[in-house]
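> Turn these sequences into a full structure, and let the hints steer you where they fit.
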Amino acid sequence: MDQSRTDEDQQLVARTQSGDAGAFDQLVVKYTPRLYGLVYNMTSNHEDTNDLLQDVFAKAYKAIRGFRGKSSFYTWIHSIAVNMTLNFLKKRGRRFHLSLDDVDASIQNDKEFLELTATSSPVREADLAELQRRLNEAMMKLSDEHRAVVTMFHIQGMPHAEISKILRVSEGTVRSRLFYANRQLQNYLDEFRKNPVA
Amino acid sequence: MNEFDDNEIAKLLRLKRHEQPPPGYFENFLHEFHRRQRDELLRQPLWRICLERAQDFMFRLNVPALTSYPAAVAAVLICAAVISLRVYETPAPTNLAAQARPAFTAPVNVEGEWTLASPVATRVTAQPIRKSNESAYTHSRNGGTPPRYVLDSVPVSYETAFKF
Numbered sequence: 001m002d003q004s005r006t007d008e009d010q011q012l013v014a015r016t017q018s019g020d021a022g023a024f025d026q027l028v029v030k031y032t033p034r035l036y037g038l039v040y041n042m043t044s045n046h047e048d049t050n051d052l053l054q055d056v057f058a059k060a061y062k063a064i065r066g067f068r069g070k071s072s073f074y075t076w077i078h079s080i081a082v083n084m085t086l087n088f089l090k091k092r093g094r095r096f097h098l099s100l101d102d103v104d105a106s107i108q109n110d111k112e113f114l115e116l117t118a119t120s121s122p123v124r125e126a127d128l129a130e131l132q133r134r135l136n137e138a139m140m141k142l143s144d145e146h147r148a149v150v151t152m153f154h155i156q157g158m159p160h161a162e163i164s165k166i167l168r169v170s171e172g173t174v175r176s177r178l179f180y181a182n183r184q185l186q187n188y189l190d191e192f193r194k195n196p197v198a
Numbered sequence: 001m002n003e004f005d006d007n008e009i010a011k012l013l014r015l016k017r018h019e020q021p022p023p024g025y026f027e028n029f030l031h032e033f034h035r036r037q038r039d040e041l042l043r044q045p046l047w048r049i050c051l052e053r054a055q056d057f058m059f060r061l062n063v064p065a066l067t068s069y070p071a072a073v074a075a076v077l078i079c080a081a082v083i084s085l086r087v088y089e090t091p092a093p094t095n096l097a098a099q100a101r102p103a104f105t106a107p108v109n110v111e112g113e114w115t116l117a118s119p120v121a122t123r124v125t126a127q128p129i130r131k132s133n134e135s136a137y138t139h140s141r142n143g144g145t146p147p148r149y150v151l152d153s154v155p156v157s158y159e160t161a162f163k164f
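Taken in sequence, the protein lines are chains E and W.
Going by our numbering, the first residue of the first sequence is number 1, and it counts up by one from there.
Going by our numbering, the first residue of the second sequence is number 1, and it counts up by one from there.
Hints are computed from structural coordinates only; laboratory data are not their basis.
Please note that a few of the clues may not be correct.
Listed next, the in silico SDA-like pairs over lysine to any residue satisfying Cα-Cα at most 20 Å (straight line) [unchecked claim]:
(1) K11(W) x E130(E)
(2) K59(E) x R14(W)
(3) K62(E) x E40(W)
(4) K141(E) x G93(E)
(5) K165(E) x S79(E)
(6) K91(E) x E130(E)
(7) K62(E) x R53(W)
(8) K165(E) x T75(E)
(9) K194(E) x D5(W)
(10) K62(E) x H34(W)
(11) K59(E) x S71(E)
(12) K62(E) x H46(E)
(13) K70(E) x L86(E)
(14) K30(E) x E32(W)
(15) K59(E) x H31(W)
(16) K90(E) x H46(E)
(17) K70(E) x Q11(E)
(18) K30(E) x Y25(W)
(19) K59(E) x V73(W)
(20) K62(E) x K11(W)
(21) K141(E) x R14(W)
(22) K30(E) x P21(W)
(23) K11(W) x N136(E)
(24) K11(W) x N50(E)
(25) K11(W) x V169(E)
(26) K62(E) x L41(W)
(27) K59(E) x L41(W)
(28) K59(E) x F33(W)
(29) K30(E) x Q10(E)
(30) K11(W) x D190(E)
(31) K59(E) x I49(W)
(32) K90(E) x M140(E)
(33) K30(E) x N28(W)
(34) K11(W) x R133(E)
(35) K91(E) x L142(E)
(36) K30(E) x F29(W)
(37) K62(E) x W47(W)
In structure tokens form, the structure reads like this:
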């Protein structure tokens, strides 16, 4: 983890604890885009994500007095976000509707996007937008815990050790969940490739 | 036809990073956060707001750290006060009476013999002293045993008798 980021976070946390609300605002601005990606990919719904994020930061602001710095603020705020999202998903059950956000125009310049569409692959055979929609559906078929691991590892790019700290499980459990989730996603997408109209 | 492998799935998932919320969402998020905080504050009862303000004040002063030393001093002072009260406490008068009784009864001659060591004034019978809760009658009321009168050897008075 970037040491300068950790130091900067520690300073902002200390200022917040001493009553500087502006310092917490800086933390909110800093972590909103990243946490949005995390929560959104777990809920697949923009409105739910917005409400959850507001609740996450409100809870963090109330609890920041008790934050003693045993873990980094990054890990701490991600733990709050993941736990609150998992609780929300348990209450919501399997009821959900996808509200796919706009794909940013920068995807056209993404190296991996260019690779996927340029080389011979099943991705090129299917419409990418449709494939993304199917991928979102496949993600929502995973259990909440598996989806959390997939989101943090593949989409957020977190290392296994960081994920294990956030979820408070062993690294072995993280790897096991990741392996199982990959197999599930592979099966769903292969099914789509064989039966594109299904 | 190829199948999806782990690498391609990973690349597809990474493309989800480009899914973004509506434009201006992140810019307005902080304003929305402040608005919700204010709304929540207004919904709370007055006593709760006061309590939270007091807690904030205490936290900023770091009261727990400040109170540890005076609390320890106060505890020591209270202990010292209690101990000093016990030390200077006067003994109860009932204890003195209990200690004096054996000194009064020691020279009593149980067998009733007359000795020079036992002054007349201290010659009392070895009969137990009637307790306050005992009956005032001196003989049995059932009539089975006739009353028995005992002449006390102790004179009623030391004053010289009138002689005519």
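> Decide, hint by hint, whether the structure agrees.
Here is what the structure says about each hint:
1. K11(W) x E130(E): holds (16 Å)
2. K59(E) x R14(W): violated (29 Å)
3. K62(E) x E40(W): holds (12 Å)
4. K141(E) x G93(E): holds (12 Å)
5. K165(E) x S79(E): Satisfied, since the Cα-Cα distance of roughly 8 Å is no more than 20 Å.
6. K91(E) x E130(E): violated (29 Å)
7. K62(E) x R53(W): holds (12 Å)
8. K165(E) x T75(E): Cα-Cα ~7 Å, so holds.
9. K194(E) x D5(W): The hint holds at about 15 Å.
10. K62(E) x H34(W): Distance ~14 Å between K62(E) and H34(W) Cα, so the pair holds.
11. K59(E) x S71(E): holds (17 Å)
12. K62(E) x H46(E): violated (24 Å)
13. K70(E) x L86(E): violated (23 Å)
14. K30(E) x E32(W): holds (16 Å)
15. K59(E) x H31(W): The hint holds at about 17 Å.
16. K90(E) x H46(E): holds (18 Å)
17. K70(E) x Q11(E): holds (15 Å)
18. K30(E) x Y25(W): Distance of about 14 Å is within 20 Å: holds.
19. K59(E) x V73(W): violated (38 Å)
20. K62(E) x K11(W): violated (38 Å)
21. K141(E) x R14(W): Judged against 20 Å, a Cα distance of about 18 Å means the pair holds.
22. K30(E) x P21(W): Distance ~16 Å between K30(E) and P21(W) Cα, so the pair holds.
23. K11(W) x N136(E): holds (14 Å)
24. K11(W) x N50(E): violated (26 Å)
25. K11(W) x V169(E): Distance of about 26 Å is beyond 20 Å: violated.
26. K62(E) x L41(W): Roughly 12 Å between the alpha carbons, so the hint for K62(E) and L41(W) holds.
27. K59(E) x L41(W): Status holds; Cα separation ~14 Å.
28. K59(E) x F33(W): Answer holds: K59(E) to F33(W) is near 12 Å, not above 20 Å.
29. K30(E) x Q10(E): Between K30(E) and Q10(E) the Cα gap is close to 13 Å, so the pair holds against 20 Å.
30. K11(W) x D190(E): holds (16 Å)
31. K59(E) x I49(W): holds (17 Å)
32. K90(E) x M140(E): Holds, because 13 Å separates the two Cα atoms, which is no more than 20 Å.
33. K30(E) x N28(W): Holds, at about 13 Å.
34. K11(W) x R133(E): holds (15 Å)
35. K91(E) x L142(E): holds (16 Å)
36. K30(E) x F29(W): Holds: K30(E) and F29(W) sit about 11 Å apart, inside 20 Å.
37. K62(E) x W47(W): holds (17 Å)
The earlier numbered hints that this structure contradicts are 2, 6, 12, 13, 19, 20, 24 and 25.
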